[in-house]
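Asks: The chain contents come next:
Number of protein chains: 2
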Amino acid sequence: VKLITAKRAGFCFGVKRAIDIAFDTAEKKKAGVYTLGPIIHNPQVVERLQTMGVRSVNSVRDLARKDPKAVIVRTHGVTENIMNSLSKNGHAVIDATCPFVKKAQHYAKLLKEEGYKIIILGDKEHPEVKGIMSYAGRGAVVVKDASEFPETKARVGVIVQTTQNVEKLKELLAVAVGHTKELKVYNTICNSTALRLKETEEMAQRADVMLIVGGKNSANTTQLARLCQSLGVATYHIETASEIKDAWFSRAATVGLTAGASTPDWIIKEVKKRIKDIGGRRTYGHPKGRYSKGRA
Amino acid sequence: VKLITAKRAGFCFGVKRAIDIAFDTAEKKKAGVYTLGPIIHNPQVVERLQTMGVRSVNSVRDLARKDPKAVIVRTHGVTENIMNSLSKNGHAVIDATCPFVKKAQHYAKLLKEEGYKIIILGDKEHPEVKGIMSYAGRGAVVVKDASEFPETKARVGVIVQTTQNVEKLKELLAVAVGHTKELKVYNTICNSTALRLKETEEMAQRADVMLIVGGKNSANTTQLARLCQSLGVATYHIETASEIKDAWFSRAATVGLTAGASTPDWIIKEVKKRIKDIGGRRTYGHPKGRYSKGRA
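Taken in order, these protein sequences are the chains called A and B. For the first sequence, the working numbering gives the first residue as 2, with consecutive numbering after it. For the second sequence, the working numbering gives the first residue as 2, with consecutive numbering after it.
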């Protein structure tokens, strides 16, 4: 089979930065390093960090019992309250919040100070959105799309979860501008997400099978898989190479491979190797078949 | 013929206010009252004011030669420079700028002070837009639609000519949000324009002939006429009843009548009377025709 791999598969800027911070801290401190929640939405990376002594805890209270040497705040960021509690409890905080998420938090605070009614476009259950929300204050509302835009005549300030689709933002603004006389929008969508989606869409139109690699708990990876499914191509969302089945490729000439922002290179490499192996076996089984050695 | 008249035909809030100001001033001062440019885009109103001693001049320089008792600034407003010159020259300025236009000027100044790259959606030749533009400062750009949105990475502030269509604003925002990370929008579109357009559209779908009454130099009246034409109904844009021809109604069962924001009641009344007369003659000529007395 011919394998095409997305240029933008895997770690984005913010995730790479956070993982570097985590491994650096692990090396320096040897032990007693904690993250508040898994550092990124990828179980395999979290496991590897565990072998280096970096543990994940679920709450500030859990931390207090452990007397940590360092507490890493993960890419999605945390609420203002949690950040304050960490300082108050005297922990050595290492902030690995994605700088783009940090910006969104900053703008939320700014809009609150300027008295805007704040609307956050995003998934209200996502930790990133919960963090931003805490800086936006009480009156803020999270909407999943334009249909949820609230009745308001107030001045409206809009912030967007960094991984949202820009088309959804455009739809939201079209509704917003009909409600309010003043609208301030911070387009906090991360370009990397948009470009990855675009590349994946183009790839899905050429491939017979799409492999999406990344955490099943990763929103942006799941979004890639859903996009491919919606385009009608056979799509498999896997976390590791071990999940791959030969049968998926029995009728495939071209396989497209992409990965979410929280998927490490080593997993992508393993998946590539596994597909080459399958391609090789198939070429061997059908020496006069359509698959040349060079393409597998 | 059955005549239906738009509820919102004629003077909007801002025009009514300006005309009241003009007639009041004329009565008080007896003579020496000037407007800078025609007070509204309706030649018949301007003529009637002339008979009361209110004259229109084209420039601040012309005013200086006349030693006026009062200078009325018209609904569209003027540039900041002109406003300053009028004060500096010691004229008694009576500001009849539409309060909604005044707001747009105020927001332009605000956005300039806040350092935004200002985009004005509107017609750059329209006096209202020229006035707003002057408060927006040097870097500001007027665009007639989304296709003219400039290449920029700056923080963008948007203001809208009060008589623009909200759909055009939505298109502009969809483009803008793809260019910039920060967008501040003052939706300065006047509701009265939107509602008048909507009512006219509904009327045009029921009528066989549409009569649009108002100044040929009135942008909002012309917009009404263009809307009706685009819907495929026979449309006549007239300034006065004297332009009406019997033949326009020879095949019409229903005539729709609407008027721009600068069209006075007395002209609308004359037009109504003229259509009733035509309807009456037709009923007389065809006693057993389809047109009952009651409907004409």
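Don't take each hint at face value.
No distinction is drawn between identical chains; accordingly, a pair holds when it is met within one copy or between any pair of copies.
Listed next, the in silico SDA-like pairs over lysine to any residue satisfying Cα-Cα at most 25 Å (straight line) [unchecked claim]:
#	residue 1	residue 2
1	273	83
2	274	32
3	154	182
4	273	183
5	17	111
6	199	53
7	30	206
8	182	172
9	246	124
10	3	114
11	145	28
12	169	146
13	169	63
14	3	154
15	8	57
16	169	183
Treat the hints as calculated values from the structure; they're not laboratory data.
Asks: Reference check for the pair residue 274 and residue 32, CA-CA at most 25 Å: within, between, both, or neither?
Replies: neither (34 Å within a copy, 94 Å between copies)
Asks: At most 25 Å between CA atoms: does that hold for residue 17 and residue 111 within a copy, between copies, both, or neither?
Replies: neither (28 Å within a copy, 41 Å between copies)
Asks: How would you label the pair residue 169, residue 146 (within, between, both, or neither) given a Cα cut-off of 25 Å?
Replies: For residue 169 and residue 146, both the intra-copy (6 Å) and inter-copy (21 Å) Cα distances are at most 25 Å.
Asks: Checking an output row: residue 3 and residue 154, CA cutoff 25 Å. Within, between, both or neither?
Replies: neither (56 Å within a copy, 40 Å between copies)
Asks: Given a CA cutoff of 25 Å, do residue 30 and residue 206 count as a within-copy pair, a between-copy pair, both, or neither?
Replies: neither (48 Å within a copy, 76 Å between copies)
Asks: Up to 25 Å between alpha-carbons, please classify residue 169 paired with residue 63: within, between, both or neither.
Replies: neither (38 Å within a copy, 54 Å between copies)
Asks: For residue 273 vs residue 183, is the C-alpha pair at or below 25 Å within one copy, between two copies, both, or neither?
Replies: neither (51 Å within a copy, 40 Å between copies)
Asks: At most 25 Å between CA atoms: does that hold for residue 273 and residue 83 within a copy, between copies, both, or neither?
Replies: Answer is neither: 40 Å inside a copy and 71 Å across each miss the 25 Å cutoff.
Asks: Indicate which option fits the pair residue 246, residue 124 if close means a Cα-Cα distance not exceeding 25 Å: within, between, both or neither.
Replies: neither (33 Å within a copy, 62 Å between copies)
Asks: When no copy is specified for residue 182 and residue 172, does a C-alpha distance of 25 Å or less occur within a copy, between copies, both, or neither?
Replies: both (17 Å within a copy, 17 Å between copies)
Asks: Have a look at residue 169 and residue 183 and pick one of within, between, both or neither, based on CA distance no larger than 25 Å.
Replies: both (20 Å within a copy, 17 Å between copies)
Asks: Up to 25 Å between alpha-carbons, please classify residue 154 paired with residue 182: within, between, both or neither.
Replies: Both: 8 Å inside a copy, 24 Å across copies.
Hints 1, 2, 4, 5, 6, 7, 9, 10, 11, 13, 14 and 15 from the list above are not met by this structure, while the remaining hints are.
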